[in-house]
Every structure is written in C-alpha cells, then in structure tokens.
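Just need the whole structure built from these sequences, with the hints factored in.
Going line by line, the protein sequences match chains U, H and C. All the letters of the first sequence, read from the start, carry residue numbers 40 to 320 under our numbering. All the letters of the second sequence, read from the start, carry residue numbers 38 to 511 under our numbering. All the letters of the third sequence, read from the start, carry residue numbers 1203 to 1501 under our numbering.
FYI, nobody ran anything at the bench for these hints, they're computed from the structure. For glycine and all other residues, C-beta sits at the position ideal for the given N, C-alpha and C. Some hints here could point you the wrong way.
Claimed, not checked - Listed next, with one range per pair, are the computed distances between beta-carbon atoms: (1) 1323(C) to 49(H): 32 to 40 angstroms; (2) 481(H) to 1317(C): 55 to 63 angstroms; (3) 1312(C) to 49(H): 34 to 42 angstroms; (4) 1256(C) to 315(U): 51 to 59 angstroms; (5) 211(U) to 1356(C): 54 to 62 angstroms; (6) 1354(C) to 69(H): 16 to 24 angstroms; (7) 1350(C) to 47(H): 46 to 54 angstroms; (8) 269(H) to 1343(C): 29 to 37 angstroms; (9) 47(H) to 1392(C): 32 to 40 angstroms; (10) 1218(C) to 115(U): 21 to 29 angstroms; (11) 1256(C) to 477(H): 37 to 45 angstroms; (12) 312(U) to 1387(C): 22 to 30 angstroms; (13) 312(U) to 1330(C): 23 to 31 angstroms; (14) 1265(C) to 301(H): 33 to 41 angstroms.
Spelled out from the first residue to the last, the chains are:
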Amino acid sequence: MAFISPWIIGFAVFTAIPIGLSFYYSFCDYSLTRPSRGPLWIGLDNYNQMIHDPVFWKSLGNTLYYAAMALPAGMLVSLGLALMLNANIRGQTIYRTIIFLPSLVPTIASAMIWLWMFNPTEGMFNFLLAKVHIPAPDWLGERLAMPSLAMMSVWSVGNTVVIYLAGLQDVPRELLEAAEIDGAGPIRRLFAVTLPVLTPVIFFNLIMAIIGTFSILTIPYIMTLGGPNKSTYFYTMFNYDEAFKYLHMGYAATLAWVQLALTLALTGIAFLSARKWVHYG
Amino acid sequence: MKIIKPAIFALLGIIAIIFLVVGSMQENFPAPPGFTVVEYWEKWNNPEAAQMGVIVDDFNKTVGREKKIFVHFLSVSDIDQKTLISISAGVPPDIAGTWDTQIAQYAALGAVQQLDDLAAAHGITEDYYLPVFWRGCSYNGHLYALVSTPGTVALLYNKQIYQQCGDALRAAGLDPDRAPRTLEEFDRYTEILNTRDADGLIQRAGYVPLQSWYIPQLSFWFGGRIFDPATGRLSLDSPETLHAYQWVQSYAKRLGPRALMDFKNGLGNFDSPENPFLSGKIAMDQQGPWMANYIAHLKPEFSEVKVPIDRQWELKDRRTNVVWGVAPFPSAVPGLTNVSYNSFDALMIPSGARHPKEAFEFMAFVNRQDEAEKLDALHCKNCQLRHVSKSFIENHPNPYISVFQDLAASPNAQCTPVCPIWPEVYQTLLDTAQAVSLEPIDPAVALRAAQTRMQGECDRFERLLEERRRLGLD
Amino acid sequence: MKAIATPRRPRHPLAGLSIHLGLLCVSAGYLLPFLWMVSTSLKTGSQTQESPPRWIPHPWQPVNYVNIFRHPTFHAVLYTRNTLIIAILTVAGTTLSSAIVAYGFARIDFPGRGPLFAIMLATIMIPFPVTMVSVFRVFRWMDLHTAMWLGPDNFLQMLGTFKPLWLPAWFASAFNVFLLRQFFMTLPKELSEAARIDGCSEFAIFWRVVLPLAKPALAVVALFSFMGVWNDFLGPLVYIQRPEQYTLALGLAAFQTRIGGTPWELLMAASTLVCLPTLILFFLTQRTFIEGIATTGGK
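Take a look at the structure:
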C-alpha cells in the first residue's frame, strides 16, 4: 500500500480535488483575478447559458465534424503504415524515423509550414496542382478549412504507428507460419492472424485517438484562429477563450465538464463495442 | 555502431550540461543594489520596444537614480493573456503595457488598481490630457490607466493614383487634388479608382474594408456610439451600426465576394514591401500616424519625391515630398466632421503588484511633456497631451502630424467603448462583419442577434457585479 | 520473456518492391514539410517572401543558425536551460514514481487494488481544460498559505516557478504506471520469491531485483516523457509568464509578431535546432523503444 502512496497523494491533489473544484465552479461565476474575488454561486445559470449559446453548438459541431474525418483517416493510415514499416526491408530504421519526424517538429513551426503549404496563391499544394492544371481550391477557406486540418492530422500519426509496431512484434510467429503452411496468402494471413491478435492494440489506439482528437488546440489556434467565420473554432479553443480571454472561468468549467462527459460517453461506447471485436490472449 | 551510440549519448549529455551552466549565468540582469525593481512588461517587439527602451534608460539614469528605482523592461508576447494569468497566480508585473481595449474589462474585474490618487499627486489631471484619451483611461468615474502612446486613425490616400485617374475623377465632378469629404463622395472615388484586369480579377482597389482592427468601430463614422456607459446599453442594432455594416457589405457586393476574397488573399504582409498600400494594390486605407515610419523603412521612394527623407525639413512644405496624403476619414452624416477612432497603448498597474508607487513614478515620467513627446515622436505617433510644443509638430517624422493631432482634439474624437465585456463585443462585431462580407446575410438580422446576445451578456455581468458587492465578494 | 516475432524478408521480390515504393511515396509526403522548414531556415528575410518560392536558396544564409543565439528577444541558451531543467526533473520524477506505483499495482496484493487501478486508468481520459483552472487554484491556495507561514517568495512557492510543470510528475503518471505495470506482470515471480526468502524487504526486492530487469521499459518511459516535455506548449503557456523562464516551445511562439513581420528564417532555423535532440534520440533508441513497448504488451 505504501508503494502506491505517491500516486494516491498526487491523485488527490492534482486530479480529484481539481475535478471536484471544477465541478463546483461550473455552478459559479468566477474570474480568478484577485484572491479576494472568490466564486459566486449562481446555480444552473452557466448550463442554461451554454444550451442557448450558438458558439457552443458551433464549436461542438466543428469538433465532431473534425473527429468524424480525422479518426477513421488516422486509424487507417497509421495501421497501414505500421504494417508496411514492419516488413523487414532495408532502410526500415530510416523510414520509421521519417514517419515519426512530424511529431517532433515544434508545434508553431508545423503550423507555419502548413499555413504556407495551404496558401491559395503561393502554397506548395496549389503550385503542384497548377502544374497538372487542376483548379486551385481555397484550402483554408470556410468550406475546406476543416477537411484540410483533418488531412494535416494524418501527418502526425507517428506515435500511433510506434505503438502498432510494438504490437506487431507480439504476433506469434508460430501462428503466422502455421497459416502459411496451410496455404494462406499474405492478405489472408493479415486478416486471419495479425489483425485479430492486434485488436487490443487497435482498441488502445482508438481510445487514445478519441481523447487526442477532442484535445486539439494549439495548431488551429496558430493557423486559423478559429476562422474563417468560425469554421475551425474547436471546442477546446472556445473553452480557452472563455477562460483566459473573457475571464468566464465558471463557464469554462461548465464547458470542460461537458467535454469530459462527452469523452467518457464515447469511450464508454468504444468499451461496450470492444466485447464484440477485441480478443485478448 | 556499437561505439557510436554511447559516444553520441555522451556528446548530447555534455551539450546539455553546457547549456545548463551557460543558461544559468544568463538568468540575472544588472540592477543596482538597494534599488526597488519595477517589473514592466510591454507588448512591443523591436523596433518599438527599443524606442521605449530609450525612455526607460532616461528614467533609470535620472529620476530612477534619484529615487532609487530601477525599471526592468521586458518584451512579452500575448501580453494580455500572460498578464491575466500572472495576476491570477499572484505574481504580476508592476506595470503591464497592454491595449486600451482591456481597460474596462480589467477594471471591472478588479484586475488593475485605481490610479486617481497617484495621478493627482503627480499633477496628472483631466485637463492635462486630451478629453478622448482621458475618457478611454477611465471606467466608472475612476482612472485605471495611463497612455504610453496613442494612435489616431485617419484616411491615408495615394496622391499619385489620384493624379493618374485625374481625368476620370474630374469627369465625375470629383477633385483629384484633395481627399473625399463625405462617405458618399468616398464611395464614388473608390469606384473610379478600382481597376480590373482582363479576367475580371481586381488589380487595384480604391478601398477594401481590410483592417479588421477598425471595423468594429466603423459606426463612429455613421454617427453611432456602440456603448453608452451611462445606461450600460450597447447599440449594436442601431440604425447607425446597421448603415455601417451595410456599407461594408456593399463593398463585398460591388467587388464580388469571390473576387474580393482572392484579392485579399493575394495581398502581402503589412510589415513588408508588399504592403497593400505601398505596392499600389489599394489606393486608400485607414491608418495611423505610424505609417510614415513604415513607409520610410519599407518603401522610402514614397516619401522622397523631391529630396531624401532626412533632408525633408529643408522644404517649405514637407507634404509635397510625399506621394501619400492624410485627411480625416469621411463620415456618412452630413455635418459630422473630423470623426476619428483613437485607440492607444495603455499602461496599467495590476492588482497585487509589489511596487505600485514606484511603478507610477515611471508611468508619470512617460507622460511628462518632454518624454511623452519624445516617445510619441520615436514611435511616429501623435501625442496624448492637450498641449504640444511647436517643435513636436515641426520635427515630427510625419509631415501630416497636425492632421492627426487636430483629429484627436476634435469634439467628434471617439475612443474604444468603455464596456466591461468589450473583448467579446469586439469579437462578435468582427465575426458579424466577416459573415456579412462572405455571404448575402441581411446585416439587420445578424446585428439584432448580436445585440440580443451581447446585451444579455452585459446585463448579466452587471447583475453579477451587483450581487458580488452585496455579498462583499468583490 | 516473449518470443519477439520479426518477420522474414518477403518471399516475392515484387512484394518487397511495392512496399519500398509505397514507403518512398509516403516518406516523401512526410518529409516535405520538414524539408521546407530546413530550406526556409537557410534563406534570407526577403527570400522567404518570394513567390513562387524556391527550394534551394541561392545564395544561402547559414549564419541564421548563429543569429538565433544573438537574437535580442529569443534567448536560445536560456530557454534551452529552462527546458532542460524541467525535462530532467520531469523525467526523473516520472520514471521513479511510476515505477514504484506500478510495482505496487503489479506485485502487491492489497484490498481495493482492482478498483483503484481502474480509477487510475480513467484519469488518462480527463482532458487538460477540466483541471486547468482548478489546479491553478489549488496551487494558488498552497502559495497563499505557505506565504502566510514562511513569507513571500519562499522555496515552496508554486506559481511563478517551474514547479507546477515538474512536480506533478513525481506523483506518478497514469499512462506510465499502466505501461510499467504491464511489464512487471510479465516478470517471473520466482526471482522475488527467492529474494524474499533471503530476508529482503519489499522495497529492496523492488530496488535490487525487479528494477534492473526493467531497463528497456524504463527507457521507454523516460524517452516518451522527455519528448513530451521538450515540445510541451500548453503547460508552459499557462504556468510561465516571465520571459526569463520561457521554455523553447514558448520562446518559438514569441517569434511571431502581431503585425506580421515574423522572421521566418530565424523561426525555422530555431525550430530545426529544437527538434534535433529528440530526433537523434528517437533514431538511436528506436529498437529499444519498440521492443520496450512490445514486452509490456497491450493486454
């Protein structure tokens, strides 16, 4: 018991108490400007305001729209890349490093680079498209901005790929060899042996991806500032603005709780569905 | 490979240690022992930061040395958020150099200190400043900030382009030798000054509502006021604001939203030789006096028609040396002249600051007649004080500085609305402006929605403030 | 120890070739932005504004890399030092405390072990904004009280120092505890049994028997947390205000100016340098990394 005491203390101080406080603040008006300016109880006022706030619905919709695109794309691409990177070919280490590279580039540099690449008149994408005579879309215009950001998210799957690679090491050699002897081709082996064994890892990555998608903040903050016309205004940006720009910390706590509830709900659904498709051992 | 790996690790380790040691030595800064250190965070980067640095040095060498005060001047990015968080953390700077748009908000939330007593003790009273700036620094009858440098906005136009289109202008009954005097005239000027190329794309625009900084305040030129501190009511759906937004939308309609978007995307950065005005892509703009400095830096030819910039004082009329002209931005209301939006950079003392009295010494120094004029001249801005010396006007880098100075002194000079939820209102107005320029929405509907929401916020804010006072939770 | 399955070379050269081709295309795409970053870092200020942009600047300006160290507001050495301090303290704290806690969950049977572990896992899902403001408040409460007893600016002061960034790491991070616990559970019990018979205390077993065996897993934890701290932007954004305390991530953000006259070439040069350490570390420790996670298994 003594062994886990550090975690218990930390949990209490850095997690349990703040969550409790946060829950309390969601029922208060609070600005945190002076120590003497404490929270003022206002009951369900924040929740009421949230339901009637068009910006809340817009940012929530934006985030779900982004998740609907980025999650499947990210999962498929990372799995595919991991399978390719698992093949024992020359230069494996270099390829793996290249795929992991984007996760290491500082956020602000990434944001700036992509801003430039998406630039409608001078950016790399439209420059290349012009060479093949395809009309240049306005990547960060109101309609395409979110899909463009989702496309960007595929670029930083490095972490997920590494975890898949680790999982692929666990696929028992004996099973693969047995399948091969039985005459199964590589595709059949993939679906019959590799993927089923990999399901716990896929599940883990799915949960991590859900959590990650809902926490996206820095990149769009630097790139689009939530525009144009609030089309890339993510939920976390809304939360951050309410807390630190408009100083509505009580309202921000309310928003954070709703985000927590949503994340838990989604992971709960994932857990329930896991019984159907995740095989352990 | 076996030897290389540990070697690289060792190398990284050594580099890390070097950084640690050298970095730790860099942490300290020189402050004379026994002096009170005043932490001053300012939003500016160079060159403005270096120019303020001159004033800080002046202070440290004179008044600072006398009174044993040392001002430690730091350039901080995202200063509004950093200041707020540091106030919440209880470790704020002694002076925060933010914007006028935050004064009411910070004051209402108790984030900054009242300066009435300190100001009176230093002889800084209402008749020392121009009325518009004193209004901007006050909230609820108390003083919460001082000005570091002001920025009055006027119409900037390209005289050369006017002359190029001289015949067309005269044919329309307009005068290419002067700026438009009413907004209706202004629209006619822009129509003639627009040029398109063979594909119908805009080559040069007479004017486009570009500077998002000014758009929320546009209703000033239509006779509106946005916020009335006496009643606490916003007027976002007033007829004047509606006219303003219809005017913005008319530009999008006239130029075509898609063409306008493409044109805007193709414009260069403000701080580069591809600046829209300097590259001739737009003929007219709303700008402040600092433009003269930017022009001298980025495109000196614009200011060297007759002689090089540093010899401009040899001429009788410096205005003939520049390709650009400045005039009051015209208003839409006949008879309403000399309307200007006067924003400024503010100096405030956060709540919980360790050395407020010493901090104010520096703030008062910055506002001393000679130092204020010096800083404003360095930044190429107008002056916030009621009286300016002749030499300020005559030696100022901007030959049109008297236009700005007169505009700030006019009875129709407006400052940022002193509304405690101004950042939200500002953002809402910006969003509305963007929405109406991109889509054919009815501005009346959009503004009414904005008004209902924002007024609701404002009322709620006041109500909660009342309740706090009642419960002593202020 | 599990048998690691490394696949053999593909039978058909065609399969190998198509994988190579696929990876080449993908790598090009992934590498492109990075190459652009390096390309921009070698340009002069006016070259960065060129349109259409060129890939290889001619003439080039490698002195940008030196100019970063001379920049008036970006104090490269100072920010690196700050980041290093936070990183070292975080990595040490996380590795040590997570190992201790993970051992507790893996090896020691105590009442409520299952539910507590589940709660711990649940905390991974809590997004930062939920606790952001409240943790801040907790720190401020602590500061107010320590200031009452020990005067202002005492050594226990939280806000205004680096402590909020590395102190929580010393109380075990759920994700790392999870990883290490999985690993510890794969170790044979006979070893600890033997030590226990010899009269060792539980902690001695942990310290002298189990921990040395855990080196690969510990390396993974250390590496992951180092990379996390190195690039962390949000944490410093909330907890660091004084410019002399900025970390590299914050410092890079300060290159951006509001009016737009960002010195692109310097920003990109600085960014390239900033991602170099983590890049080198990843390249060198890849195998350990992947094998380390593999042996903990996703089960």
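Structure-based check of all given hints:
1. 1323(C) to 49(H): 32 to 40 angstroms: This hint holds: roughly 34 angstroms between Cβ atoms.
2. 481(H) to 1317(C): 55 to 63 angstroms: Hint holds: Cβ distance 59 angstroms, inside 55 to 63 angstroms.
3. 1312(C) to 49(H): 34 to 42 angstroms: Roughly 41 angstroms apart at Cβ, these two residues keep to the hinted range, so it holds.
4. 1256(C) to 315(U): 51 to 59 angstroms: Holds: the Cβ-Cβ distance is about 54 angstroms, inside 51 to 59 angstroms.
5. 211(U) to 1356(C): 54 to 62 angstroms: 58 angstroms, holds
6. 1354(C) to 69(H): 16 to 24 angstroms: 22 angstroms, holds
7. 1350(C) to 47(H): 46 to 54 angstroms: 47 angstroms, holds
8. 269(H) to 1343(C): 29 to 37 angstroms: 34 angstroms, holds
9. 47(H) to 1392(C): 32 to 40 angstroms: Once the Cβ atoms are compared, 37 angstroms apart, the range 32 to 40 angstroms for residue 1392(C) and residue 47(H) holds.
10. 1218(C) to 115(U): 21 to 29 angstroms: 23 angstroms, holds
11. 1256(C) to 477(H): 37 to 45 angstroms: 41 angstroms, holds
12. 312(U) to 1387(C): 22 to 30 angstroms: At roughly 26 angstroms between Cβ atoms, residue 1387(C) and residue 312(U) fall inside 22 to 30 angstroms, so the hint holds.
13. 312(U) to 1330(C): 23 to 31 angstroms: For residue 312(U) and residue 1330(C) the Cβ distance comes to about 26 angstroms; the hint holds.
14. 1265(C) to 301(H): 33 to 41 angstroms: 35 angstroms, holds
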